[in-house]
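Hints are included, so try docking the two chains, each in its own frame, into the full complex.
Here are the chains, one letter per residue:
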Amino acid sequence: MLALQYVRSLPRYALVRATGGRAGVATGDFSLLHLGDVQEPEPPNGSWRRVLPSLAGICGSDTAAITGHASLYLDPLTSYPFVPGHEVVGILAGDGARVVVEPALGCEVRGLSPLCARCVEGRPGLCQRVDEGDLAVGLQTGYCCSTGGGWGEVLIAHESQLHEVPPALSDEAAVLIEPFACSVHAALRGAAGAEDVVVVQGTGTIGLLTLAAIKLFCPPRRLIAVAKHPFQRQQALRLGADQVIRPDEVFQRIRFATEARRLDGPNLSLLLGGADLTFECTGTAAGLDDAFRYTRAGGKVVAVGMPGRESVDWGPIWQRELTVMGAYAYGTEATGARTFDMALAAAPELGLEQLTGPLFQLSEYRDAIAYAVQAGRRSTAKVAFDLRGLRL
Amino acid sequence: MSRPGAVLEVDRNSPPTLFHFGEGVRLERLPLGSRILYPPDPLEPIAHPERAIRRALAHPLDDDPLKDLLRPGMKLTIAFDDLSLPLPPMAQPDVRQLVMEEVVELAAEAGVEDIHLIVATGLHRRMTEDEIRHIVGDRIFTTFWPDCLYNHDAEDEGENVRIGQTSDGHEVTLNRRAAESDLVVYVNLTLVPMDGGHKSMATGLASYRGIRAHHNVETLLGSRSYMHPPDSQLHHSCIQQGRLIEDHVRVFHIETSVNNHAFPTVANFMQKRETDWTPADQATYLALKQLSDFAPRDLKRTIFHSMKAPYGLTGVNAGQVDQVHERTLDVVRKQMTVEVDGQTDIVTMGLPYLGPYNVNSILNPVLVVCLGLGYLFNLYRGRPVVREGGVVIMTHPCRYEFDSVHHPSYIDFYDEVLADTTDPGQIESKYERRFAEDDWYRQLFRKSHAYHGVHPFYAWYWAAHALDHVGDVIVVGGEREVVHRLGFKAATTLADAFEMAEQTVGRYPSVSHLRTPPLLLADVR
Ligand SMILES: [Zn+2]
Ligand SMILES: [Zn+2]
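Going line by line, the protein sequences match chains A and F.
The first sequence: position 333 = 333 (my numbering), numbered continuously.
The second sequence: position 402 = 402 (my numbering), numbered continuously.
Isolated chain F (complex conformation) (with noise of 0.2 Å):
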């Protein structure tokens, strides 16, 4: 049985607490009293994948067995998540891959000959042909590249199809080879509660006109948080598309989930309680400390992005979507959920190298944003760990350093939005659209790997609700500059942050330490 999460004090006995620092990591004293969230200890795997998942698609969830669905003559066609999870990656066989080796088997059998493989990216970048090489496996990857087995384009004009209307007047728009296909099978990997369900059509196969129904600044408001889809305005509205999508094509849904195995070995430390480092634990934090110290920055890059986690296959379910993504949450909640007793005045946060948007990359200015005020805050049920008003504290270097290549619209975004204004709704309205239809970010966005044009907007909205709860966010170690054009408050230290959020939360503030990744959801009653 795997440890529970949990939330510990901070006493006289308690060794300094891991923060991460970007492409590094820092040892840190909080002050006494205060809570440390971990996360639970990874669960328990399943121990035959291929076993489960054959399963999972001999007795669905409210459907038919898979093999019943497919026949001769018939468009099938199989979309699934792109690499921007799990992070880090997970190392190979990806269970993407032994899904999907799995449905093509069974295809085959059926005599299912028009095949294609689609990654839903959505308003990701394209994925490069290692990045799909890597989530399919070399046999998926040498039968079908590049005919059958290529990125969903959302800008290509006559390959997305209008399929109708919600009942609140949304566009929903799909790729035409899946609203022309007989079945979809959609094949997911669902990381945090935010992920799956009837999001994964009604974003992966989109294009910005369906998207934008629900990547807004109000929806994010209203999604207290976007990480608990019951509480979520985002997935509401995703719910209505993705019905009338289901309304159009048959869809075949897997899921499946992995436990919070995140680091290999080498990195084993970041995985456990400071409480339980070993010896050699402790030689590995150091010797990191020392890369992370003094290496150059693209020796540190390369290393911490070659970084392939051992994750466990926790969850295959496969079916109807509803049924499906309620058993997959069931599994991830398990995996990530630590009961929390209120809220304190602040919070603190240590942000790694990785968001959802840098795999291979960095992680600018602005995606840092998206990763502590979007995804880290918003992985929450109930309350947000921080009270009203209350200060967020990050640790990150926030160079100014972009992916020329994946981000492009993101210095843009960096240079003339955050310049004018770091309010969501000012840049939604004065700025959304000039960047959603600029020539050349759809250009790169369709023949290089850039992500869409109007990405970084969205990456901003993600942190609309928690710059609208928060009373102030300090970020320690930053480049002055630039945490400033973030509109934050920059601290050298930690204690000189906790000095600064005095200010704002008057004194001995009471403070939890989110200890993440491996990813948390913190229940807070």
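One chain only, chain A, in its complex shape (with noise of 0.2 Å):
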């Protein structure tokens, strides 16, 4: 099948980071990325199902992995060579169902029993048993050798993965659905109450989802958004903030909406006071220094961008007495209710095919990868690949 294939190789990891991970660099002669054709993943067991991509989306951990920007620490959590792409609607080989697939590959997926204590909690995204069973070593579908991933003409799904698809969302809003069960679940994660001033700092993908989904589950007194382009900003409002600042305007506009006091030190501000709740969806050193130096003492700071080894500054932490949660991917809610059905349900008022585009051919990689490390200055959130021509 044709797929593209992330094959590892830790001195061109290290090569493209040197060079700044330009994509250009990141695709061109030392790419760790390979267009060809590959082996179709095998089902391991009767549990499993062939899945047709339609559409998969490039996430902000693709491009950090082809770049040379993704946290080491992720290494001995993935099996290569794998196929990228979790971000992924499809269609059932067979029956021509449409799905999108949750990628955790926890116990149930591994056909472990009994389930390790996480996966018991209903986070398989937090196996720790990600090593067995079944499949080679990894965290998601898209970082194991074993299932294939969404970037090639054909995956392997354990049927507990398949989420149907109603009729009522595009394949354009659908491919959203992966990420958007990562902010539903960080925003119940970090809980705002109704009296709190939250902020969500960033608006790509993973920011403007997150702000629907405290709006949605969640909304507090006030949500601010930090945005830097102009799509970013108008989408940030639709979603439901109300209001978007600029990131160089994040202390004085933070300070007013809680009444703070400022402090100007000698490279950043800090707030005495401030914000009682925000989520992080940089990633960032950047966007976490701030982030760490606005939000109030005893307040929370909520990991959703994917971080690498990021140099920041924990004496706010330290001194502000701050609770930093991560939140990474999806499961079972403390409701009962899975987090994909959760935002299944939701998807379809948000018009999220609104951040859907442009759309690329497998063979056009390059230029998918180039495009999608700039979607928010190109006036985009989701770039992704559209694999629906390749079963013609």
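The hints are simulated quantities; they were obtained by calculation from the structure and are not laboratory data.
Since the model is a prediction, treat every value here as computed from it, not as a measurement.
Glycine included, every Cβ here is placed at the ideal spot set by N, Cα and C.
Check before you lean on any hint, since a few could be wrong.
What the hints assert, rightly or not - Okay, the calculated bits of chain F under chain A, using three or more residues with CB under 8 Å as the criterion:
1) 411-419
2) 436-443
Unchecked claim - Estimated spans, in silico, between C-beta atoms of each pair:
3) F:209 <-> A:221: 23 to 33 Å
4) A:248 <-> F:388: 36 to 46 Å
5) F:250 <-> A:268: 50 to 60 Å
6) F:303 <-> A:315: 38 to 48 Å
7) A:248 <-> F:67: 51 to 61 Å
8) A:345 <-> F:493: 53 to 63 Å
9) A:247 <-> F:303: 27 to 37 Å
In structure tokens form, the structure reads like this:
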């Protein structure tokens, strides 16, 4: 089958990282990503189905891996070579049903019994046995050599990973269900109170979807989005932000919104007072450093965007007694509902297709990656591969 | 004898007209038949200021000589206007220094030991050490700073006392030291007819609670104009408060006025009518134009703000407030008045780099509005120069630029309030309290050098009458996004602006250009 494959090479990884990780270099001579004819993945047993991807998104975690910015922490949790692509809408081989794939590869998917403690809690994303069972090591479809991924003609999925897509949802909207589920989970983890001032730092796909999820599931007193580009501003307002501010004015504006005080240090400002809860969706040192200084003492910072090895100042985390928590993936939430089902139920109202585009063929992957890296500047959020043409 | 103000008509032989443009200048061609309003030339200054001051203190109006009011053991407070005026600041020695040195000397001779000098900042920012030194001079500064020479603090709960309520029900507060003094000597400098009189004490030594009685939209809409006190509710309200203050504490008023010699020799062309420009003036204009077109912004700002004006003293009067102020206003009006025959459809004005609230700082967009539609628009007596429903065209770069030390609440006012509405009434009811009581603004006002949190509201209210009166405002050469945020139209050239204005006032509109600074007061018949 035709697929993009990610091949492990630490020297190349170091090399593309060293060149600044520019997309052109990262998909050039030293590319870790290759387009070619790849062996189709084999279903381990009868609980598995073949899925033909229709659209597969390019996630920030994908571009991070390709440009050498992903955390090396993830390396032993990944099996190589793998076909990337964990934001997938496709059809089931055979009956043609439209499905999205829930990528986490926990105990159930791996055929392990009894389930590990985290999987019992409904958190396959935090599975403690991701190195066992029917599959090679891997946290997710799209980072495991056994399953294939969305950037190839065929992937295999365990039946527990499949969610049928309601007809009301276009492929362009459905391709965002996976990141939206991440955002719903993040919103529930942050659990904003009705009187809180909440900041969403960063308004790429994850930031925008997190805004929408907060607005839907725990609307606070004031929801502030930090956006760089006009498209992001406009979408942030549409998806529920009360106010959109620029990254260079976070201290001024959040100070005002929270009636805090501001002190200016030699490098950065800080607020005495500040946001009750912050969702950090950039995954960058700059974003984290700001968030730690404008979130009030005793407040919470939820790391939603995937950070790598970032150099951040721990001073404010310590002195402000901040609670910093990660928000990774999805599963079954406290209500007993599966995050994916919550996302699928809420999505039709959100006009998510406005965030998707342009679409690229697999053969255009160099352009696609370059575009995805600059999505915000180019007035889009989600760049995706369109594989529908491959099955004609 | 200096030439009186004049209204000249633009004809084929008229040279192009000077427009100020922030830290820059432009020469523009006005349509044939436009009128240009020129302020009078500088009045002849008083030859011996010290002598005039001594005479005023010895022969006050309706009051005893200052010497007789001073006695050992008394508590004496000298309050004085801050550096918000004159504009640009006066080259040293400032007249306030000359007056205060005289007062302090008399006090010393009379054996007064408890003397405090207070900068009557009202809700303005605290003046810096250097700025205070500039006003009072070295001798007073080294003697009294910092324990007995300091800024009024309108937000110090303990240091402001409520002294009563006017018959209109307005609260009056006063600086505690002043309220508890046996005598307050107020040293004023009146630049425009709005300044001085009862307003000095009623705003300079008051707090937000007192000042909001007259610094509000309703009062300012009822002040037509606030540059002509008889027609100004602002002043009626200040007079009420001022009388209550005079009942409470003995005040001896000293008011000064200066001529309009506003520019040093290097920028002398700004002072003159274009027809009077010599080749040397032409050359300095070109040099300045070069500088302002190409020099980095910070450098330009430094150069412009370092300009100090060689004003000459035109009047000094002392004694009871009403008589003193009457005399002061006479001279000020004489210096500023231009008689104007009727209104026009359009008024054009070139806005300079400086207004009363940005000495040594940036004229941010909110202050641009305050300067153009507040100060300059209101410099009339009778009727505004522009007719009702007419158009004001202002030239200014209108950049998104703020001084975060002096104007922190202005930034939030621009970004939060103006993003919502530009209507003064709505702004007042929806937002004023929130800004006035913001803890951080209060902190910066008291400890740093920030204007009071409420101050941008006042800057905007200053323009309320103009916003109510005119049909349109067009800014030439401003940043488009900023101009739109302010609620105005943006034009690239003056010619474009005239074309846009015609959509509001019709074809072949009549035009007046306010050739200012120096400031002028249009007496519109
Ligand atoms: Zn992802
Ligand atoms: Zn598990």
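Hints, one by one, checked against the model:
1. 411-419: Coverage by chain A holds here, the residue count being 4 at a Cβ distance below 8 Å.
2. 436-443: Result for this restraint: holds, n = 4.
3. F:209 <-> A:221: 23 to 33 Å: Holds - the Cβ-Cβ distance for residue 209 of chain F and residue 221 of chain A, about 29 Å, lies within 23 to 33 Å.
4. A:248 <-> F:388: 36 to 46 Å: 42 Å, holds
5. F:250 <-> A:268: 50 to 60 Å: Distance hint for residue 250 of chain F, residue 268 of chain A holds at roughly 53 Å.
6. F:303 <-> A:315: 38 to 48 Å: 41 Å, holds
7. A:248 <-> F:67: 51 to 61 Å: This hint holds: roughly 59 Å between Cβ atoms.
8. A:345 <-> F:493: 53 to 63 Å: Because 57 Å falls inside the window, the suggested range holds.
9. A:247 <-> F:303: 27 to 37 Å: Given a distance of about 33 Å, which is inside 27 to 37 Å, the answer is holds.
When the structure is compared with the earlier hints, no violation turns up for any of them.
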